[in-house]
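Visitor: Chains as they are written, first to last, in the numbering used here: chain F, 1098 to 1504; chain H, 475 to 619.
It is worth saying that the hints were derived from the structure and are not from the lab.
Note that the structure is a prediction, hence the values are computed from the model and not measured.
A hint or two may mislead.
Covered stretches of chain H (chain F as the covering partner; in silico rule of three or more C-beta atoms under 8 Å from a C-beta of chain F) [as the list claims (entries may be wrong)]:
1) 486-499
2) 506-516
3) 529-535
4) 559-571
By construction, the Cβ of each residue, glycine as well, lies at the ideal position given by its N, Cα and C atoms.
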Amino acid sequence: MDIKLPIYMDYQSTTPMDPRVLDAMLPYFTDHFGHPASRNHSFGWEAEQAVDTARGQVAELIGSTPKEIIFTSGATEAINLAFKGVQEMYGEKGRHMVVSAIDSRPVQDVVKRLAREKGVELTEVPVDKEGVVSPDDIKAAIRPDTILVSVMMANNEIGTVQDMAAIGKVCKEAGVIFFTDASEAVGKVPVDVQAMGIDLLALAAHKMYGPKGEGALFVRRKGPRVRLSPQIDGGGHERGMRSGTVNVPGVVGLGKACELCREVMPDEARRIAALRDRLQDGILAASDEVHVNGSRTRRLPHNLNLSFAYIEGESMLMGLHEVALSSGSACTTSTLEPSYVIRALGVSEDLAHSSIRFSLGRFTTEEEVDYVIGRVNETVKRLREMSPLYEMAKEGVDLSTVSWKAD
Amino acid sequence: MAYSDKVLDHYNNPRNMGSFDKDEEGIGTGIVGAPECGDVMKLQVKINDDGVIEDAKFKTFGCGSAIASSSLATEWLKGRTVEQAMAIKNTEIVDELNLPPVKIHCSILAEDAIKAAVSDYVDKSGKGKDAATAPAEADAAKTRA
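Here chain F stands alone, though its shape is the one from the complex:
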């Protein structure tokens, strides 16, 4: 079987653009290049029409109204706008925010800055060993001065999908704004801001077969009406919340990507989950002590996160050099710390160093999955033969009782 290498299994890092998205975008670079805020000629009207259409496509995918969609340069900007905008607007009312332990890196970074510079007090809500946030824990963390609760809808590393409706209900009862970074979830699993009680939602085009550099923030207008201080001043675009000329081709691409995801979601999710399960079964059947990180039931269809005991993650990736994957190993990040998400599950540090994320997508084939199963199993065998830890474990040494001589 001829197979094209390298194989891409890092769809949760970013996705390739769907060619249909590109086709939709192209005319807006050249023929229809107008400024959507130009009110007195057809170039502007065309652009405005395209942006309105896209706003509707995004809104339809998440169950909002078009007016509640604010276009941004991506999820990170949307997250910054949400947190900083809420803090400035509601800072008088309270200084407390509640964030889940496995919220995304941009959320972690922005709340740390707000804590440092604006006196925001944070409560980090832990997750259980599957990465699930308990609505009761959120309820217990909310104080009279809480102005925002943030729970990432689906985690980027382990794929755990939260019970958003239950958490939304808790927030609604307490009268607290509920934010979610849904960049991993939108387009992959059903999202409904009404049913889930979400007030602010960040999403990114490049995680759902759209272009990089485009995203959106959903800002609820009714029940409650959420107000935000703008973080970028300029021409008052996007209802005054995000100035700057709208990236029309990018917005058109985001809209088209949302439309396609909505059309194919049920079939696509089923197909990809079947491939993911095939990958999981093929790897787990071949080797002992391979652990699934996260939840097997509340999980994104395209995510598989495994820890290969006694094998360090980066050496695993090196052995699988023709497959694009990610690792929670410290060696693959700039921080020299293993993944905070994996550690939040209560997984031991050595297993955090051994974690590998496989993420599948629209263009993943069964042949690719089978190829990767074979290569993973070979590499596990080879690296375990090389691992002193595996040898000790096989000799019956309890590794947790060894006193290690680290430098």
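With chain F fixed as given, assemble chain H onto it according to the hints.
Guide: Relative to chain F, chain H alone:
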């Protein structure tokens, strides 16, 4: 991160990977690092009656650079005396493998592993100390340096 050709070569074709029976005579074993730090190296030397390292083996849990550092160390150890082995510096490993700054700790671990293995032999046999101080051995070390 791009790996140097030498790191890739050691990773793909590790030299002297395996284990000796640590209770056998003439064997010194060093285990350094910790699983929670993401690196554990086991390095073993087999030393003859003349105090010369006849053979060496390693097993490593760690990144590609850690595997390469320990693989290289076993190559360098063969044929050296105890004293010469103790003189191997991590910077030599860094230079040989073109390790980037973030991977220097791998070379330090390899140097520690060498020292731990040789010291284990010395402690167990008591022979290494004499060999290391014998005039002929000291001369050999100077020649190499």
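Visitor: Now look at each hint and say whether the structure bears it out.
Guide: Hints, verified against the model:
1. 486-499: It holds: at least three residues are needed, and the stretch 486-499 of chain H offers 3 whose Cβ sits within less than 8 Å of chain F.
2. 506-516: holds (count 11)
3. 529-535: Held - the stretch 529-535 of chain H has 3 residues with a Cβ nearer than 8 Å to chain F, which meets the minimum of three.
4. 559-571: violated (count 0)
When held up to the earlier numbered hints, the structure conflicts with hint 4 and nothing else.
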